[in-house]
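Q: Kindly generate the complete structure, drawing on both the sequences and the hints.
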Amino acid sequence: MASDLEPKFEILTDGDFSGTITFTPSAGSVPNLIGATVSVKVEDSVGKVHPLTTSVNGAGLIITYSATAAQTKTWSHGLASMDILATWPGNSPKVRTWRIYFTVYNPIPDA
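The sequence shown: position 13 = 19 (the numbering used here), numbered continuously.
Hints were generated in silico from the structure; no laboratory data involved.
Predicted model, so just to flag it, every value in this text is computed and none were measured.
Think of the CB as a built atom: it goes at the ideal place given N, C-alpha and C, for glycine as much as any other residue.
Check the hints yourself; a few may be wrong.
[Unchecked claim] Subject to a maximum C-alpha distance of 30 Å in a straight line, what follows is the list of computed DSBU-like cross-link-like pairs (lysine-lysine): (1) Lys47 x Lys100; (2) Lys100 x Lys54; (3) Lys79 x Lys100; (4) Lys47 x Lys79.
[To be verified] Restraint ranges, calculated between C-beta atoms of paired labels, are given here: (5) Pro37 x Ser82: 16 to 24 Å; (6) Val55 x Ala75: 17 to 25 Å; (7) Asn97 x Val52: 37 to 45 Å; (8) Asp89 x Gly64: 32 to 40 Å.
A: Following this line, the structure appears as structure tokens:
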């Protein structure tokens, strides 16, 4: 199944972690993320969960997320996953989840 998300990651030299995820609706999918509660979290290699600061643009098609260097410093190195959860309110709430895998590492050792 093709994904309707297009993630872009950026890790700045000071350890900040940020990026955007573009939501492109697929046939039969919801048209955008307007009205949904969206959360993004990283689960590091030892299973510790780190919520990210998250927002959705006015058109409901771009999710922006970030974590500070102080936050990313606590992430364990190795395979990690990013979970994106969108929940729309209602009597029968719609829920969409996505999982993206990536590697956490420190290319420059602490002095």
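Q: Would you say the C-beta atoms of Asp89 and Gly64 sit inside 32 to 40 Å of each other?
A: violated, 24 Å
Q: Using the beta carbons of Pro37 and Ser82, state whether their distance is inside 16 to 24 Å or not.
A: violated, 38 Å
Q: Could you say whether the range 37 to 45 Å given as a hint is met by the Cβ separation of Asn97 and Val52?
A: With a Cβ separation near 39 Å, Asn97 and Val52 satisfy 37 to 45 Å, so the hint holds.
Q: Falls inside 17 to 25 Å, the C-beta gap from Val55 to Ala75?
A: holds, 19 Å
Q: Is Lys100 within 30 Å of Lys54, Cα to Cα?
A: holds, 27 Å
Q: Given the hint that Lys47 pairs with Lys79, test it: the Cα-Cα distance must not exceed 30 Å.
A: Measuring from Cα to Cα gives roughly 15 Å; hence the hint holds.
Q: Against the 30 Å threshold, does the CA-CA distance of Lys47 and Lys100 hold or violate the hint?
A: Holds, at roughly 19 Å.
Q: Between Lys79 and Lys100, is the straight-line Cα distance small enough, at 30 Å or below?
A: violated, 34 Å
Hint check: violations occur at hints 3, 5, 8; the rest are consistent with the structure.
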